[in-house]
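Model the full assembly from the supplied sequences, consistent with the hints where possible.
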Amino acid sequence: MGLEEKAGNLGFFTTTLENVVNWSRTRAMWPLLSGLACCAIEMMSAQSSHYDMSRFGMELMRASPRQSDLLIVAGRVTNKMAPVLRRLYDQMPAPKWVIAMGDCASNGGVFNNYAILQGVDEVLPVDVYVAGCPPRPEALIHGILVLYDKVQQESITEWA
Amino acid sequence: MKNHLQTAVDLIQKKYNGELSSFRGHITLLIKSEFILEVCQILRDDFSFEVLVDETVVDYWRRKEPRFQVVYQLHSRQHDERIFLRTPISEDDPNTSSLVSIYPNANWYEREIWDLFGIRFEGHPDLRRLLLPKGWEGHPLRKDVPIKVEETRFTFNNDEIDRGKPRAEN
Numbered sequence: 203m204g205l206e207e208k209a210g211n212l213g214f215f216t217t218t219l220e221n222v223v224n225w226s227r228t229r230a231m232w233p234l235l236s237g238l239a240c241c242a243i244e245m246m247s248a249q250s251s252h253y254d255m256s257r258f259g260m261e262l263m264r265a266s267p268r269q270s271d272l273l274i275v276a277g278r279v280t281n282k283m284a285p286v287l288r289r290l291y292d293q294m295p296a297p298k299w300v301i302a303m304g305d306c307a308s309n310g311g312v313f314n315n316y317a318i319l320q321g322v323d324e325v326l327p328v329d330v331y332v333a334g335c336p337p338r339p340e341a342l343i344h345g346i347l348v349l350y351d352k353v354q355q356e357s358i359t360e361w362a
Numbered sequence: 039m040k041n042h043l044q045t046a047v048d049l050i051q052k053k054y055n056g057e058l059s060s061f062r063g064h065i066t067l068l069i070k071s072e073f074i075l076e077v078c079q080i081l082r083d084d085f086s087f088e089v090l091v092d093e094t095v096v097d098y099w100r101r102k103e104p105r106f107q108v109v110y111q112l113h114s115r116q117h118d119e120r121i122f123l124r125t126p127i128s129e130d131d132p133n134t135s136s137l138v139s140i141y142p143n144a145n146w147y148e149r150e151i152w153d154l155f156g157i158r159f160e161g162h163p164d165l166r167r168l169l170l171p172k173g174w175e176g177h178p179l180r181k182d183v184p185i186k187v188e189e190t191r192f193t194f195n196n197d198e199i200d201r202g203k204p205r206a207e208n
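Same order as they appear, the protein sequences are chains A and B.
Counting in our numbering, the first sequence runs without a single skipped number right up to 362 at its last residue.
Counting in our numbering, the second sequence runs without a single skipped number right up to 208 at its last residue.
Bear in mind the hints are in silico, worked out from the structure with no lab data behind them.
Quick reminder that beta carbons are idealized off the backbone N, C-alpha and C, glycines included.
Be careful, since some hints might not be right.
Unchecked claim - Quick partial rundown of chain A residues pointing at chain B, CB under 10 Å, derived from the structure:
1) 280
2) 284
3) 285
4) 320
5) 328
Here you go:
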């Protein structure tokens with residue numbers, strides 16, 4: 203005989219704190235409005251009405267890192283841009299997540315040269331890598347849903 | 039070659055010992071770098087080549103003398119003519135004179151050349167790096183700079199390369 207039975211149809215249910223906090227985090231995840239190269243075109247496409255990323259709680263891209271909790275690194279990261287990107291990441295309030303979108307952000311892609319960072323994970327802790335050159339909007343949305351699964355499994359000890 | 043351009047080319051060939059070559063109607067004059075200022079002054083003032091369209095460098099690596107050639111592309115709006123000038127630059131002391139006093143837009147071209155090829159321009163007002171970040175060492179568009187920064191990954195060397203890579207912390 204648990205609380206659920208007593209509550210009847212009073213309109214509430216029980217769950218764990220982890221569950222509800224993680225759920226609410228995934229349902230209102232605001233990505234930073236930042237695109238570095240051609241992958242940004244696919245990211246915009248994923249945002250627009252045809253693919254409609256806002257079905258998954260990504261209602262709007264924020265233009266300020268202080269209002270966002272997801273950094274989608276969309277495109278190749280040049281050595282000159284790397285400190286800027288790190289600074290943007292540092293300005294985001296915790297909890298925060300990073301998606302490396304596309305081959306270039308994941309490992310340098312075709313740009314194996316002096317100008318391009320060989321993977322954004324050299325400067326940022328990446329949660330999800332999305333493969334593709336560029337990834338289709340569906341792939342990006344899939345990457346975000348994978349990230350949601352990851353966030354959903356976070357435990358209360360990781361929050362601190 | 040039109041009359042106007044022919045006169046200009048003849049004059050420079052005679053006075054500065056320029057070496058003429060042409061490819062599909064593009065006229066190129068090879069001039070020693072100590073004459074480039076005078077030649078440009080004459081072309082701009084007397085032959086109305088008042089636009090410096092481009093200034094760039096070719097690196098003939100493994101050839102010591104000249105290692106580089108600076109390429110100037112001039113345009114005359116009045117006559118609708120173009121002329122290319124090239125000056126050989128040695129490997130040991132890569133420097134030439136700056137064109138900023140004649141064509142102000144040479145400023146950023148020369149900064150870019152200094153940035154990427156490491157050729158000094160004497161008399162340039164502000165010879166800083168233009169594109170690369172501060173504190174960069176070397177001049178990456180030189181042909182002796184390695185193309186790849188990381189070995190191509192295959193299954194047999196993937197883990198080894200991965201171990202050598204820096205990883206960011208939270």
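Would you list, in rising numerical order, the hints stated earlier that this structure does not obey? none
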